[in-house]
Structure formats: C-alpha cells, structure tokens
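**Student:** Chains as they are written, first to last, in this note's numbering: chain A, 1077 to 1489; chain B, 1077 to 1489.
You may find that some hints are simply not true.
It does not matter which identical chain is used: a pair holds within one copy or between any two.
Unchecked claim - The list that follows gives simulated cross-link-like pairs (lysine-lysine, DSSO-like), each with its CA atoms no further than 30 Å apart:
(1) LYS1179 <-> LYS1383
(2) LYS1179 <-> LYS1316
(3) LYS1333 <-> LYS1316
(4) LYS1383 <-> LYS1333
None of these hints come from the bench; they were simulated from the model.
Number of protein chains: 2
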Amino acid sequence: MSGILNGMRVIEGSAFVAVPLAGLTLAQMGAEVIRFDRLEGGLDATRWPVAPSGRSHFWAGLNKGKKSVAIDMRAPEGRELITRLITAPGEDAGLFITNLAVKGWLDHETLSGIRPDLVSVTLTGDRHGRPQVDYTVNPALGIPDMTGPEGSDAPVAHALPAWDVAAGGHVVNALLAAERHRLRHGAGQGVTLALKDIAAATIGHLGMIGEAATTGRARAKCGNALYGAYGQDFLCADGKRVMVIGLTERQWQGLVKVTGTQEAMERLFRSTGQNLSDEGVRFRMRHDLTGILAPWFAARPRGMVAKALDAAGVTWAPFRNVVEALAEDPDLGPDNPMFSVLDQPGLGRFPVPGNPARYTGFARETPAIAPELGAHTESVLSEVGGLDATEIQGLFDRGIVGDTTRMRCRSAA
Amino acid sequence: MSGILNGMRVIEGSAFVAVPLAGLTLAQMGAEVIRFDRLEGGLDATRWPVAPSGRSHFWAGLNKGKKSVAIDMRAPEGRELITRLITAPGEDAGLFITNLAVKGWLDHETLSGIRPDLVSVTLTGDRHGRPQVDYTVNPALGIPDMTGPEGSDAPVAHALPAWDVAAGGHVVNALLAAERHRLRHGAGQGVTLALKDIAAATIGHLGMIGEAATTGRARAKCGNALYGAYGQDFLCADGKRVMVIGLTERQWQGLVKVTGTQEAMERLFRSTGQNLSDEGVRFRMRHDLTGILAPWFAARPRGMVAKALDAAGVTWAPFRNVVEALAEDPDLGPDNPMFSVLDQPGLGRFPVPGNPARYTGFARETPAIAPELGAHTESVLSEVGGLDATEIQGLFDRGIVGDTTRMRCRSAA
C-alpha cells in the first residue's frame, strides 16, 4: 500500500456508519486502521443488507482494508489489551476514533493518562452524550418535513444515512487536524463531536436556520424540484424519468434552447413581466416553466432526450434504481478506475469502490476487501501489542481474544 | 482566533455547496480562508434562501469567517493577482481548494509550475470533469428510487444536498492529508475528486452496490421505517409524529417494555415462530410490530409519549419543521454552546453555528459572520499579495478588483 497517509496507524472502536466510514476513508488513504470488536462481532455485524449466507454487505462495505481484532471487552485482560493497542508507541500512532462512548477505561482522560500525546476523536449521538441516530436527528431538525411531494403533509425521511456520512467526514477532519497539531507542537488532543450537532451546524450553514428564524415560516415541500432556481424531473415518452437542471443562467438558456421553447418563454415574460434570468423567478414560476417544457420530454423516449441534452451541454441525469445504474452507468463499474471487481467471501463478486480522490503523487490503489472478524488478532497483538507467541496463545486459550477463521478451522478439523 | 488549524492559509475559488462548505470547515477550525469571487459575486451570490433585502442566507451561511476578495477574472491582471495569492510564500500556505474547474491558468499543472509544493484540491461534477450537481448525481445512483412511501412508484429526491455535504468533507480530508504529506516530505500534490465518484463510492461502502449486483433486485421503498431492523414513525393522540428506534436488541426491548407490549410480542412469536431478537425479522415483520405498538402512541399526546420514552431510555425524536425545532429544541439555540446569536447584515439576528468539534486543547470559538463581497480585497492584496498602496489603488481605479463596501460608500458620497 502506498497512500498519502502511509505509516499512520489508527485504532477504531466502532459500530454502524459514521466512525466505520471514517476509518474506511483513512484506510483507503493508506493508513493502517485496526478495528476492534467484541468476540461475537459488533452491534453492526449483521446490519442489512445481508446476503443469503448471513454475511452483511453493510459491514463488508464499511470495513474494507482494515485489520480486525476480536477481544472480550468485558474481561479486564481484554480491556488492557485494547488500551495497549491504542496507546502503543509510534510517532504516527496513538490515534483513536470511536463511537462506543465508553466512560472510564476507554475515555480520553484515562487513555491520555497512559499516552499523553494521544489523539482521540469520539462521536456521540447528541452533545449530552446520549444516543441519537441518523433516523432520529433528521426528523428532529426538519429535513423530512421539507422533503416529498408538493402539497403533501407527510414527512419523508431520506433513505441515505446522510448525517452519518457527514459525520464520518468530520471525524476524519478532526483526527487529521489534531494529528497535524501534535506533529508541530507535540500535544495530544481529545476531540468530541455529536451527530446532532453536525446536522444542526450543517442546516445552519445551508441558511435553513436563518431562513426559519427570520421568516417564521417553514420551507414548503417542492417535490423533486431544485429549490430556489429551476430544476425539475420530467417523464419521457417511454415512461422513463429524467432530472434537468437550470440552476445557472447558462444551464437555463441551454435547456430552453434544446427544447425549442424560446418563444413560449418570451411570451410568458411578456404576459407576466417576470424576468426568467432571475433564479428566484424561475423557482417561483416553476410550474409554468415545467408546463412549457414537459411536452418536449413527453414526445421523446429517454434515449433521444439524453442525446439531445448531452449534445446541448445541459446538466441532467436519468432517474433509476441501483440495479439499473449498475447495468447502464459506466461510472459505476469497471470502466471507472475507482472500482475494482472483487470477490468478498460470503457475498460474491461485484464492483468495490476505492478512494474517490486521485493524487498526482500517488498511483490509484486497488481497494482491499473486508477482513474476517478477528483475522488480524494474532498479528496485531504481536506487532502492535508486542506480545510473544506464548502470551497470545494463552489469550486465545482463555477466550480473551478470537479469530473466526481459526475457530472455523478448528471446528472443521 | 485560536483554532486547531491556526496559521494555515487556504485560498478558495468556489461556488455553491461542497467547496464553500470545505472552506467554512477549515475557517471554523482556525485556518485563514480567502475566498475570491468575480466582481459581481460568484454564481451562488444570490442562491436561495434569500431575505427580503435580497441577501442570501445560503451564501452567508457557507462563507462565515472567510476573507472575501473580489477580482475580475477575465482580465489578465486579475488572473495574475489570483495566481499570486494562491502561490504566495509561507510554510502553511500554498493551499488551494476549488470547484471552478478552470483549465489553463488556474489548474494544478500551471500553478504548481510557480509554486512546486502547492497542494490543490479540485472538485468536479463527474470523473470526466463534466458538471454534475447533487440534484443529478442522486437520481442517477438510485437513492430517490428507494425513498418515499412504501408501495409508491414515484422517486423522491432528498431536500438536503447530502452528496455536496459529503463532498465538502472529502475536500477537507484530502487537503489535510496532502498538507501532512508535504510537511513530512516537502512534496506538493494535486488532488482531484468528483462529486459523482464520492456518491458512487459511498453507496458502495454502505453495501448498496453489493446488494444490487448480487441479488439483481432494487431495494424497495420502506417509507419512514428504519431499513433492516426496527424503527418507525408513529402518530400521537394530538396528531404529532415521533420516530422511534429499535435498532439494537436493547433499544427494541426498551421500546416493547415502555409500551407494555411484551405479551402481544410473545403471542406474535408463538404464532409465527419468528424470533424478534433477530433485527432482520423485526424489519420483515415491521407492519405487524407497528400494528401492535401504534395504539400506545395513538392514546397519548406527544408530550406524554416523550416523557415515557425518555424515562425508559428509548432512542426517539419528534418530527417537526425547522421553525418548530428552533422554538422547541435547546440543541438548536443559545443553550447549545455551538451556537451564537449574531447579527448578519441584511439578514437579521439568528443562531449561527460554529465548529461542532470540541477540542480538549482549545476553547470553543465564537463563529464569525460572513464578509461583504470584497471586504478584504485591500488587506489581502497588501498582506498576502505584497502589493503597495499605490498598486492597490491602481487596481481599484482600473476596476480589476472590487469591494462592495467601498462602492457603496462611494455612491453614497
């Protein structure tokens, strides 16, 4: 592996999306990421989607290229081992990311007592340390209320765990910033982040809090329209759907031109006095604009629409499901060097994504598959923990540490 | 300012969400972030939501605490100035983030010819460098297809620009990783990222590609249910709605207990043989479970539901809009030290979020408001560009650079 973070070692104690995604991002940038789990696997070990084999696509997806260590965290000896891994020496080590929120033996105060220059990043649910998940933060902050068909009263929650994904980015940011500071000044750092704070800050950054606070009005749903300018979904002659963007003046003019609706738009301007070069006017008059544009789409199958929009340089996309996207979109398969078709045991062969970033100084790495639970227990205890073979064997014998591969081998023997 | 990135200087050439959000994140971590724009403002200068004053809540939200420089980018002299700012000396400078995708004078090859250790991060729409936006990437990859009411055929796009938010995190990650590498090895780096690649990688990490590729089936919509385990929205007696989580076994047991539905769940188990301790069973049988749980919610107003769920330690949240959240949720106002109530000229007073991360070694910074367009043109040209007062005055006189504050003063004079 030769990634931009080569040499860095991060210990991850995690479950579910945000922190595993942060660890994955670091691993795909070249860091050595060691995730520890309970002997039976973490709370996310069987998170859906799961394959008929019982293996989790979710777990495999979020733990690619990591080392896996399985340790009994209830046993004092297990806790000592985890502490030893987190505080192990090394200029590029002493880095810990977690959402386990364990007070006492696993908190920053205790761990930095052992390694004072430790950098730890802890993600909690809310700022009080209480559990919250993407599915609760999102409705509490009002996004489902503004999502869905115009005129409907029913809130619609997103299917993408967007706040978890955002939080994963913040965990990486905080870790890299704190490690940079340590490199310059030698000081460790305990960083705390809450999923709900990240979501609340983000809706503030997007202007949603200022809008709500100063107008006293909640943003109304606008279906699949682009908020605040023009962008709309259209049905084509074959029943297939496209999303078309008229956000900038250039995009808008391109859309009008390719659909041959200049005259109709001009008439609309003359009859209303509304200047369609104003993005806000385009949003407020979107139903009129859509009425003018829709026949062009309704008269052509999507293939023909696609060709015309591409030729005109219009920003657009088809609506499809993931199966269709895999079949039709070269960006989602082997044509895209970000993907490699790999065999993940228990799950099958499919395109696996690596790091989306390309660096001029580094070749693109092939992504690694996810480990079996505990596959690196022995090597990590030896190389990072500094334990000798007898000590390690004793830990396995006493059931303090595990390795599912070993266990399978044993039961097969 | 005394943040974790104190001393770092980043130049930002951007518009819309992802790169401005990345710059904001860096600024709120203590970096000096200088955003340059056209004299008339960027493509996002009037992006909705806008106030009656015409000022954009969106722009103000995403550019807080940055320095603003307004330069005529069509004029060769303006281009030279931007080049000079990006390549200005300084160990912690020579950092550039952009989504302008300008080939030639503003690309990494050209700029690194002037400052070889330049670190630049460029975000494009797709991997071919073509424009794509959150509103197109999302339908193309299938998220709207799996969002919305169960049984419906209509795709529902998210109201949150989730992929832009994710991309903002990746831009920061890439910049910090490349700057770390430069600090150790002296080498610059040109990093390229595509919004669509970030989205495609993320759905892969979440297991959605593996699921689609190996089953050939698209994930069905499941309304506001938590996918793969139990989590559901319920209407309370007063018509208010809550989201309740039974993701982990502990959460599920807590929910059953507080609603007094142990016996009904037991009967369901006996009649079906389905073990509700299996998260997948809870998801598949969610309609049965919801039928058993719903009467408890329907019999109580939300206030009473809230008290009972809190007392039982159940993970839950109310559904509300942003106006209600501001009124009701202490996490979204002055009680939360992440927020400060500030006056943003042209927009009003409202809670403004700072950095969600708390560092043991740094006090929490009060967030800064957004600058007027060009407010720092003069000081940046002097301090970063090294120009003298006569040179700067000449640039203003020739209309190569601008400052809306100055212009307003002039026209008022």
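**Student:** Can you name, in rising order, the numbers of the hints this structure does not satisfy?
**Tutor:** 2
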